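Participant: Sequence:
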Amino acid sequence: MREFVVLGTASQVPTRTRNHNGYVLRWDGEGLLFDPGEGTQRQMIHAGVSASQITRICLTHVHGDHCFGLPGVLSRMALDGVSHPVHLHYPASGEDVVRALVSVSTPGIDLRLYPHGGGGAIASGLEVQPLKHRIETYGYRLKEPDGRRLLPDRLAAAGIQGAEVGRLQREGAFGGVRLVDVSVPRPGQGFAFVMDTAPCRGAEELADGVDLLVAESTFSDDDGGLATQYSHLTAGQAGELAAGAAVGTLILTHFSSRYGDDVTLLEGQARGRAGSSAVIAAKDLDRIAFPKRRQLP
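Throughout the sequence shown, residue numbering follows our numbering, covering 1 to 297 in sequence.
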């Protein structure tokens, strides 16, 4: 199952209806927790996400609204007796902060630390690229390998059935029939997480062609000066990022408290520049199904 669960959508200041950051991506057998801010453990309960489902934690940077919930989440994992390894990825320059947060967590889980100091692959299918913020910050991109989609009519015509289908997929040919003769290319699905950044090349590389892009939308276009001052995106810039990268669906989050509960203005500004990309303004505790696989023309 692939699903995106929103735990919090506030930026630096939480509100009565918005918790600090926190996002879970359910991706097949993995549960990736991104940027757990304060209150993440409680939000996980409300969202129906158990600590045992988390296999990997990804921090974009070590500003408090993106990481101060880490000790609570790790402590809950220990309390629940999580036995599988938990992989924690973070910028190398945040080592002291991360070590301090881990040190006040309840011990007892197999926590493995992976600092990164540059762009590139950090795990199977998972990569980071540097963003442009006030401290070292990285966005994340998860990509499924390209594959092939089997065509039932061609399989039937070739007389391939049952266990023979699996063997054909594994070996590329069976009984004189090639996999390419009974299938068509199937593009792998992609996900990108772009938080706390001014427009930059790294954000564009992360977003390129993904099915689902989660991007900060801290300020409205009318407050572009503030966005520049604090190295954040406006809603319109998030829309432009999605359009330029041919993204399938854009999820907006990380809203400034100055806009209150209603972010219709920001959603509209993003949609106005997002081209063919669908736009969703996230709300706390939203559960968003991963978009259907896009087919090649």
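Just so you know, these hints were derived from the structure itself, not from any lab.
In this text, all values refer to a predicted model and were calculated from it rather than measured experimentally.
Backbone N, C-alpha and C fix where the C-beta goes; we use that ideal spot for every residue, glycine too.
A couple of the hints might just be wrong.
What the hints assert, rightly or not - What follows is a set of in silico ranges between Cβ atoms, one per label pair, in the way DEER data are often shown: (1) GLY275 to LEU226: 49 to 59 angstroms; (2) THR17 to ALA278: 39 to 49 angstroms; (3) LEU226 to ASP80: 32 to 42 angstroms; (4) THR55 to ALA92: 16 to 26 angstroms; (5) ILE45 to GLY260: 46 to 56 angstroms; (6) HIS84 to ILE135: 23 to 33 angstroms; (7) GLU3 to ASP146: 21 to 31 angstroms; (8) GLY188 to GLU164: 32 to 42 angstroms; (9) GLY225 to ARG154: 55 to 65 angstroms; (10) GLY272 to LEU113: 22 to 32 angstroms; (11) PRO85 to ARG149: 26 to 36 angstroms.
Participant: Next, verify each hint and record whether it holds.
Facilitator: Here is what the structure says about each hint:
no., hint, verdict
1, GLY275 to LEU226: 49 to 59 angstroms, "25 angstroms, violated"
2, THR17 to ALA278: 39 to 49 angstroms, "23 angstroms, violated"
3, LEU226 to ASP80: 32 to 42 angstroms, "41 angstroms, holds"
4, THR55 to ALA92: 16 to 26 angstroms, "22 angstroms, holds"
5, ILE45 to GLY260: 46 to 56 angstroms, "26 angstroms, violated"
6, HIS84 to ILE135: 23 to 33 angstroms, "31 angstroms, holds"
7, GLU3 to ASP146: 21 to 31 angstroms, "22 angstroms, holds"
8, GLY188 to GLU164: 32 to 42 angstroms, "25 angstroms, violated"
9, GLY225 to ARG154: 55 to 65 angstroms, "58 angstroms, holds"
10, GLY272 to LEU113: 22 to 32 angstroms, "42 angstroms, violated"
11, PRO85 to ARG149: 26 to 36 angstroms, "33 angstroms, holds"
Hint compliance for this structure: hints 1, 2, 5, 8 and 10 are broken, all remaining hints hold.
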